[in-house]
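Assemble chain B onto chain A, guided by the hints.
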Amino acid sequence: MTAELPIARTAQAVSGPALERWSERHLRVLMLMPAMLVLLALTIFPSIYMFAAATTRISPNPDVPWEFAGADNFLRLLTDDQFHIALWNTLVFTFFAVSIEFLLGLGLALLLDRYIRRLNFLKTILMLPMMMPPIAVAITWKLIYEPQFGVLNEIMFQLGLPLQAWAGDVDLAMFSIIVADVWQWTPFVFLLMLAGLSSLPEEPYEAAAIDGASAWRQFWDLTLPFLKPVIAIALLLRMMDALRLFDLVFILTGGGPADRTKTLSLYIYQVAYRFADPSYAAAISLFVLFATVAFSTWFIKRMRLAT
Amino acid sequence: MTRSRASLISQRIAAAVAIAVALILTLFPVYWIAGNSFKFDIDIFSVPPQWFPANPTLKHYNAAFIERPFLQYGLNSLIIAMATTIVSLVLGTMAGYALARFKYPGQWRYQISFWILSTRMMPPIVTIIPLYLAFNYLDMLNTKWAVVIAYTAFNLPFATWMMKSYFQDLPVELEEAAMVDGDTRWGAFLRVALPLARPGLAATAIFCLIISWNEFLLALILTLTERSQTLPIGIAGRVTQYNTYWGEISAAGFTACIPIMIFAFVVQKHLVRGLSFGAVKG
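Protein chains in written order, with the working numbering: chain A, 110 to 416; chain B, 23 to 304.
Hints are computed from structural coordinates only; laboratory data are not their basis. Certain hints may be false.
Calculated cross-link-like contacts (lysine-lysine; reagent style DSSO-like; alpha-carbon spacing at most 30 Å) [unchecked claim]:
hint: 1; chain 1: B; residue 1: 303; chain 2: A; residue 2: 337
hint: 2; chain 1: A; residue 1: 410; chain 2: B; residue 2: 303
hint: 3; chain 1: B; residue 1: 303; chain 2: B; residue 2: 125
hint: 4; chain 1: B; residue 1: 291; chain 2: A; residue 2: 337
hint: 5; chain 1: B; residue 1: 291; chain 2: A; residue 2: 232
hint: 6; chain 1: A; residue 1: 232; chain 2: A; residue 2: 337
hint: 7; chain 1: A; residue 1: 410; chain 2: A; residue 2: 337
hint: 8; chain 1: B; residue 1: 125; chain 2: A; residue 2: 410
hint: 9; chain 1: B; residue 1: 303; chain 2: A; residue 2: 232
hint: 10; chain 1: B; residue 1: 303; chain 2: B; residue 2: 291
Cβ-to-Cβ under 7 Å is the rule here; a few derived chain B residues that face chain A [claimed, not checked]:
hint: 11; residue: 51
hint: 12; residue: 120
hint: 13; residue: 302
Using C-beta positions, here's what the derived DEER-type ranges look like [claimed, not checked]:
hint: 14; chain 1: A; residue 1: 157; chain 2: B; residue 2: 73; range: 53 to 61 Å
hint: 15; chain 1: B; residue 1: 34; chain 2: A; residue 2: 188; range: 53 to 61 Å
hint: 16; chain 1: A; residue 1: 256; chain 2: B; residue 2: 108; range: 42 to 50 Å
hint: 17; chain 1: A; residue 1: 363; chain 2: B; residue 2: 155; range: 19 to 27 Å
hint: 18; chain 1: A; residue 1: 385; chain 2: B; residue 2: 108; range: 35 to 43 Å
hint: 19; chain 1: A; residue 1: 270; chain 2: B; residue 2: 34; range: 31 to 39 Å
hint: 20; chain 1: B; residue 1: 284; chain 2: A; residue 2: 258; range: 30 to 38 Å
hint: 21; chain 1: B; residue 1: 283; chain 2: A; residue 2: 258; range: 24 to 32 Å
hint: 22; chain 1: B; residue 1: 88; chain 2: A; residue 2: 270; range: 37 to 45 Å
Ideal Cβ placement from N, Cα and C applies to all residues, glycine included.
Chain B extracted, bound-state conformation:
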């Protein structure tokens, strides 16, 4: 008895220590970049490092968002992320519903589902060269639309699988009842299934927003100027061979994290499902 109590206490201590260490390791880097964004250059470069910004300033935010076009980058990121999300969500919801509900001959439903997932396995670098040349040919390089189209290729499989998993969780009887009452199949989808899947839709949308907001490689190749460049590209542009503008990139990098933090709190209940393409239900 005493022995098991002792082991229970030691287990609790171990858990508390693990939580404390994990929290420090998780939060310190985030705190560090945030703190540095509010320091004067001299304090960023100080040795030993200044652990807390004793002399806070908004200088770097001013430099990034007023003097340099980071506001434009942010706006581009936002427009591209929203457009991608809308396209992926509309197409993905319909396809996800079809794969969750309809009957297809033979093994087709399984084959199509798997094929859609497998397109997501393609490393982005593989598709980017032909897309670059195609957009070049269509005179669409350095436009937001080119980025939106490329991002859709990566968000659509995700949206399809997520929505498929949410629709599979809905009881089919409600749609049947609506159809018995004279609604069409499409009407049952639109007026019964879709409203019931609203939490799933919201979660899928937020995940698409996050994926597009964070993406770097495709935007790096498809965009050239501030007309279409996104926030990550703007940040990378201030890390040059000769100089790294620490204050500016800290300010822009921390700013880029803020909407993501808010989103993470909003979708926390759906996080597991979203991260596993609907395979694991948290």
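So that you can see chain A by itself, here it is in the shape it has in the complex:
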């Protein structure tokens, strides 16, 4: 895939001053090091700190020393209903939002593949939602969902359907969040699927057409297997994002009503800053971190994505 270059076989590297020669010889380390050190500092340090914090009791009074608490904070996870609700909400949201985005995105891409390539500007317009700041998306949908003067209830009224509180309704709040997320991220799946479709080889389809394979069989036996790597990447990136959902719920519902839209990220935020309990927040964070990394790694290995 990549040709390796001889490192020290150049004229200057042999004849240059000592420092230059040294840096030339160690270039592969020197070029990689700064990025790795920054990432180590910004991810490994926090992880270690989180572990230390999770195994102690931290008093709000900075003069009181930390007290070792062992696994207490982790055991609390087992009995904390709020945590279970947040976990469940996050999983429900991730499952439905990503599934709908995937099906819509793939369906649209299959339908429009042949036409939209000539309509490049259209593609760019359809991309707008996912580029928008999530906060702008959140206030936009807040405005649309507004029960009194929102546009969605006006449409319901025109259609003769009952008006709803949408994001403020116990049963519809999660649905409302999912719709806003689907609006923002379906274009992402759509775009990736279009890219996958445009790189499909033509011969197998010609052969299949000669053999008289139905469109459905062609899709199932050719298109889907060819698209598999792109599908896997799209799903992985969407799931990673969905599992950390924060912005939309922060603005649209604040986690309510009745905790129906409280996600793990929002719950950690509340525990750490509203309940001022950094130790327990650290324990939940470690759980989320471990679960996300374990899941992503499993998924990447399973789909053979890392090459």
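Relative to the frame of chain A, chain B by itself:
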């Protein structure tokens, strides 16, 4: 024959309908927030809603950007996004080049690449508590630098992988030729590979700008006052428990989208690659 033509026509109609519906659904919410930002409050709250701002006003833009510090928020956003982009791009380009070109013992290149990507899997909420305490200890809370440092953690893996994929696309022979002509390895990178990777650099930079410009959670926790607060934080601050300042947040929210729309058009050719960390080449 006639049957396949009929099915072709019906397929075209279906595609046209799908495009029309997708366009309406995509554009209506954007139009709605833009339209509302130009309406007087009474028209924002009108039932039935006013579909088109019949009585346009810049009142809310004035309220947000002149009377309230949204200009400052925007400036903070811009400074933070640019600083983050520069740091991530410099470090990420070097690391991306190293991972694309150099040989490392055993499986190291693969392991390091994967580790760099895996840091991006960390949910931001997980790293933010220790970063908050560290910045508090260093007396850096509520500064733009704290936000820049935190954002770098999320942009650097992205920049590294993007640049790695662009460098892998470049033919290695050109750098070899430069080195045969007496250039150093570093010189070949600087004078041959880097200029050739310019489109990739531009695309990566724009993506870093967009990611930083849009980010909310980290800024929410690391900033406290208008000295360092960004545009998304300013907007969220006008959605309070008691009142939502619809006009103001519409004006600020729509304004926050404008640079993003321009950027989206500029990077449209690189969009797929950027969104997939360089994994899918559009």
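Comparing the hints with the structure gives:
no., hint, verdict
1, 303(B) / 337(A), "holds (15 Å)"
2, 410(A) / 303(B), "holds (21 Å)"
3, 303(B) / 125(B), "holds (24 Å)"
4, 291(B) / 337(A), "holds (23 Å)"
5, 291(B) / 232(A), "holds (11 Å)"
6, 232(A) / 337(A), "holds (22 Å)"
7, 410(A) / 337(A), "holds (14 Å)"
8, 125(B) / 410(A), "holds (23 Å)"
9, 303(B) / 232(A), "holds (16 Å)"
10, 303(B) / 291(B), "holds (10 Å)"
11, 51, "holds (5 Å)"
12, 120, "holds (4 Å)"
13, 302, "holds (5 Å)"
14, 157(A) / 73(B): 53 to 61 Å, "holds (56 Å)"
15, 34(B) / 188(A): 53 to 61 Å, "holds (59 Å)"
16, 256(A) / 108(B): 42 to 50 Å, "holds (45 Å)"
17, 363(A) / 155(B): 19 to 27 Å, "holds (25 Å)"
18, 385(A) / 108(B): 35 to 43 Å, "holds (36 Å)"
19, 270(A) / 34(B): 31 to 39 Å, "holds (32 Å)"
20, 284(B) / 258(A): 30 to 38 Å, "holds (31 Å)"
21, 283(B) / 258(A): 24 to 32 Å, "holds (27 Å)"
22, 88(B) / 270(A): 37 to 45 Å, "holds (42 Å)"
No hint from the list above goes unmet by this structure.
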